[in-house]
Amino acid sequence: MTNQQQSKAEWHKILNERFSGTPREAARYYGIEILPRLMPCLEKNKQSCKVCTQHFMDMDNMTVHAPEWMKKNDPQIERFQQLMEEIGKHLKSAHGIMPGGMILSRFVAVGLLAGALAGLIISFTTKAGDIAGSTMLGAVVGIFVAWIAGKIRENSLRKAQKLF
3 MTNQQQSKAE WHKILNERFS GTPREAARYY GIEILPRLMP CLEKNKQSCK VCTQHFMDMD
63 NMTVHAPEWM KKNDPQIERF QQLMEEIGKH LKSAHGIMPG GMILSRFVAV GLLAGALAGL
123 IISFTTKAGD IAGSTMLGAV VGIFVAWIAG KIRENSLRKA QKLF
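Under this note's numbering, the residues of the sequence shown are numbered 3 to 166, in order.
Treat the hints loosely; a few may be bogus.
[What the hints assert, rightly or not] Here are the in silico distance ranges between beta carbons for each label pair:
{"hint": "1", "residue 1": "LEU115", "residue 2": "LYS91", "range": "40 to 50 Å"}
{"hint": "2", "residue 1": "GLU19", "residue 2": "ASP76", "range": "12 to 22 Å"}
{"hint": "3", "residue 1": "GLN8", "residue 2": "ALA96", "range": "19 to 29 Å"}
[To be verified] Derived pair list, reagent style DSS-like, types lysine-lysine, alpha-carbon separation capped at 30 Å:
{"hint": "4", "residue 1": "LYS73", "residue 2": "LYS15"}
{"hint": "5", "residue 1": "LYS153", "residue 2": "LYS164"}
{"hint": "6", "residue 1": "LYS52", "residue 2": "LYS94"}
{"hint": "7", "residue 1": "LYS91", "residue 2": "LYS73"}
{"hint": "8", "residue 1": "LYS91", "residue 2": "LYS48"}
{"hint": "9", "residue 1": "LYS91", "residue 2": "LYS164"}
{"hint": "10", "residue 1": "LYS15", "residue 2": "LYS129"}
{"hint": "11", "residue 1": "LYS52", "residue 2": "LYS91"}
{"hint": "12", "residue 1": "LYS52", "residue 2": "LYS15"}
{"hint": "13", "residue 1": "LYS153", "residue 2": "LYS15"}
{"hint": "14", "residue 1": "LYS94", "residue 2": "LYS46"}
{"hint": "15", "residue 1": "LYS161", "residue 2": "LYS46"}
{"hint": "16", "residue 1": "LYS74", "residue 2": "LYS153"}
{"hint": "17", "residue 1": "LYS10", "residue 2": "LYS129"}
{"hint": "18", "residue 1": "LYS15", "residue 2": "LYS46"}
{"hint": "19", "residue 1": "LYS161", "residue 2": "LYS91"}
{"hint": "20", "residue 1": "LYS153", "residue 2": "LYS94"}
{"hint": "21", "residue 1": "LYS129", "residue 2": "LYS164"}
{"hint": "22", "residue 1": "LYS15", "residue 2": "LYS161"}
{"hint": "23", "residue 1": "LYS52", "residue 2": "LYS129"}
{"hint": "24", "residue 1": "LYS161", "residue 2": "LYS94"}
{"hint": "25", "residue 1": "LYS10", "residue 2": "LYS52"}
{"hint": "26", "residue 1": "LYS46", "residue 2": "LYS164"}
{"hint": "27", "residue 1": "LYS153", "residue 2": "LYS48"}
Calculated from the structure, these hints are not laboratory results. Just so you know, even glycine gets a beta-carbon here, dropped at the ideal spot from N, CA and C.
Kindly generate the complete structure, drawing on both the sequences and the hints.
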């Protein structure tokens, strides 16, 4: 590509041009909606990390061909998906960078489970009688608390530039 770093908006424009004509369903299925956030992150880290440099070059090249692969259901699209997974794992393990939304979704899932379990335990220990109601109330409270905690955590990571 070029030696200058592209902004997220520029990457969004570049990728829109490359993926024009690609059905939205295919874009969602193959997870290309994270590319406008992923590419600037890789580009920023490629100066200090050889793995990020290689991933950036591979992904930049693959995004040129991926729309054709999607339309033809080419086996190369599986390599494209594997590369996106590898990049996510590398960014998390080597740089401590995670995709936005992942932490929040994990917090909410754990909050739902913990809240429902707490509601169930409270229902049994107090002999309230309405097991379903207390379980649902616990789940709602758990989701609410977890959502707030997840947002706080994501904001702290965003400030530390550990989210893409």
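Here is what the structure says about each hint:
The beta-carbon spacing between LEU115 and LYS91, approximately 25 Å, falls outside the hinted interval of 40 to 50 Å. Between GLU19 and ASP76, the C-beta spacing of about 20 Å keeps the proposed range 12 to 22 Å intact. Between GLN8 and ALA96, the C-beta spacing of about 22 Å keeps the proposed range 19 to 29 Å intact. For a cut-off of 30 Å, the pair hint linking LYS73 to LYS15 stands: about 21 Å separates their Cα positions.
Using a Cα cut-off of 30 Å, the hinted pair LYS153 and LYS164 holds, with the two alpha carbons roughly 14 Å apart. Distance restraint check for LYS52 and LYS94: the Cα-Cα separation of roughly 15 Å lies within the 30 Å cut-off, and the hinted pair is therefore satisfied. For the proposed pair LYS91 and LYS73, the alpha carbon gap of about 27 Å is at most 30 Å, so the pair holds. In summary, the hint linking LYS91 to LYS48 is supported, as the alpha carbons are separated by about 16 Å, within the 30 Å threshold.
The hinted pair formed by LYS91 and LYS164 meets the criterion: a straight-line CA distance of about 13 Å does not exceed 30 Å. Distance check on the hinted pair: LYS15 and LYS129 sit about 59 Å apart at the alpha-carbon level, beyond 30 Å; violated. Restraint check: the Cα-Cα separation between LYS52 and LYS91 comes to about 15 Å, which is no more than 30 Å; the hinted pair holds. Straight-line distance between C-alpha atoms of LYS52 and LYS15 comes to about 26 Å, which keeps the hinted pair within the 30 Å bound.
Between LYS153 and LYS15, the direct Cα distance comes to roughly 28 Å. Compliance with the 30 Å bound is thereby established for this hinted pair. Restraint check for LYS94 and LYS46: satisfied, since their Cα atoms lie roughly 15 Å apart, inside the 30 Å limit. Only pairs whose Cα atoms come within 30 Å are accepted, and LYS161 paired with LYS46 is accepted, the gap being roughly 16 Å. Restraint check for LYS74 and LYS153: the C-alpha separation of about 40 Å exceeds 30 Å, so the hint is violated.
This hinted pair does not check out: LYS10 and LYS129 have alpha carbons roughly 55 Å apart, beyond 30 Å. Distance check on the hinted pair: LYS15 and LYS46 sit about 18 Å apart at the alpha-carbon level, within 30 Å; holds. Pair hint LYS161 plus LYS91 holds up; C-alpha atoms about 21 Å apart against a cutoff of 30 Å. The suggested pairing of LYS153 with LYS94 holds, with an alpha-carbon distance near 19 Å, which does not exceed 30 Å.
In summary, the hint linking LYS129 to LYS164 is not supported, as the alpha carbons are separated by about 46 Å, beyond the 30 Å threshold. At roughly 25 Å between alpha-carbon atoms, LYS15 and LYS161 fall within 30 Å of each other, so this suggested pair holds. In summary, the hint linking LYS52 to LYS129 is not supported, as the alpha carbons are separated by about 61 Å, beyond the 30 Å threshold. Between the alpha carbons of LYS161 and LYS94 the distance comes to roughly 16 Å, so the proposed pair stays at or under 30 Å and holds.
For the hint pairing LYS10 with LYS52, the CA-to-CA distance comes to about 22 Å; that is within 30 Å, so the pair holds. Among the hinted pairs, LYS46 with LYS164 is consistent with the structure: their alpha-carbon atoms are about 12 Å apart, no more than 30 Å. With a CA separation close to 29 Å, the supplied pair LYS153 and LYS48 stays within the 30 Å bound.
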